[in-house]
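Sequences and hints are given; from them, build the entire structure.
There are 2 protein chains.
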Amino acid sequence: MLKIKKLSQPLNSPDHIVWYNSHVNRRERNILNQHASGVLWFTGLSAAGKSTIAHGVEKKIFSLGIRSYVLDGDNVRHGINSDLGFSREDRKENIRRIVEISKLLVDGGLIVLASFISPFKEDREYVRKCLSGDNFYEIYVKCSIQECQKRDPKGMYDKARKGIIKHYTGVSAPYEEPESPHLIIDTEKYDIADSIKLVLNYMDREGLLTLNKFYE
Amino acid sequence: MLKIKKLSQPLNSPDHIVWYNSHVNRRERNILNQHASGVLWFTGLSAAGKSTIAHGVEKKIFSLGIRSYVLDGDNVRHGINSDLGFSREDRKENIRRIVEISKLLVDGGLIVLASFISPFKEDREYVRKCLSGDNFYEIYVKCSIQECQKRDPKGMYDKARKGIIKHYTGVSAPYEEPESPHLIIDTEKYDIADSIKLVLNYMDREGLLTLNKFYE
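Line by line, the protein sequences give chains A and B.
Okay, so the first sequence: first residue is 179 according to this note's numbering, each after it adds one.
Okay, so the second sequence: first residue is 179 according to this note's numbering, each after it adds one.
In short, the hints are calculated from the structure, not lab data.
Computed cross-link-like contacts, SDA-like style, restricted to lysine to any residue with a CA-CA straight-line distance of at most 25 Å:
#1 B:281 <-> A:263
#2 B:281 <-> A:210
#3 B:367 <-> B:330
#4 B:270 <-> A:251
#5 A:281 <-> B:203
#6 B:332 <-> A:201
#7 B:281 <-> A:229
#8 A:270 <-> B:267
#9 B:281 <-> A:241
Okay, the calculated beta carbon distance ranges per label pair:
#10 A:265 <-> B:300: 26 to 34 Å
#11 A:339 <-> B:205: 38 to 46 Å
#12 A:328 <-> B:358: 52 to 60 Å
#13 B:271 <-> A:304: 20 to 28 Å
#14 A:328 <-> B:262: 38 to 46 Å
Not everything, but these chain B residues come out facing chain A in the computed CB check (under 7 Å):
#15 201
#16 202
#17 233
#18 236
#19 240
#20 247
#21 257
#22 258
#23 275
#24 278
#25 286
#26 288
Don't be surprised by glycine CBs; every beta carbon is placed ideally from N, CA and C.
Have a look at this one:
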């Protein structure tokens, strides 16, 4: 059962306002929002269900008054990283920028739901290291390549098999399985609704949906 | 007088939760937060007071329960744009990325307080065009180059005059004055406290501190 703990006094109360010289910080934003901020990093093959789960989690926690933001290919590759391709170097820069944006969003009080294939162990280790102070959790959305190819909602695997798309993860480029993710969601065992529940339960256990873990 | 208008029902009430297939959008986040999101873009010479005013505004509106985020050289040039220098091309890319980050933050429900010299008219026009759907306001923090050089809190003007720093705005690189900013704050006429008040009054008049303008 997910519960949002309320402070005894509303944040707008003057008693809570401390004026000093430093900037508004993350802790203060978390208290205003009444929830922690952090990063859930969803990794896995294309069509494994990463973005669907991330958006489902966002919808659910929003209904609990929790602020989050999904970062995925849609708003990153078409926005800030529109200048980047898929070479090894560009993939690294892609990840580096996503990490930096995540830091800003976490500092700004949001829970980042980052949904990226992020196939390379080296990149994921970089992410984990950079975000270690930011309530970072790696979630492996697990699904066999056979099943992903069967789902193939965008027809990308088909194009990759035909060689129309090159260096496609799982077909012509490697996906290095996470060795020690915080959570594994096997979407061949669980449907989307249950996968979302698993993430929510995990967030609840980790205290990400309240202020308990971090400030009390 | 700044007032935060409250909805008659709390957002956590099930009556407010509409489940459908699209993502959580900006409007919904604004309603949860009980305030609009948008961008105040502070432009002006180094030492004119941009960042001090931006942080002061943030502190003040935070005390009113309004979520904002300051983007400035500190968290951008040392973070996501740490790979960029000060060539014309890099300055353009710097601005492009800040615009894209601003879009994410506004979509995420925050008021962005962007504090950048942004000396070129062409760049500011690009910013204005890109953010035209995001409650964008250009604020010119005006101060004579003589006064900025006198203040010189980081000793940068001194170094620029000695040629140690090259292409420094106002000394060896141009600052193109804004022609039609939304607001001008002359920091030779107003001290910091009054400058902050001018911005707050402007935000209030524009309805940025409530939901009135945008959703009622």
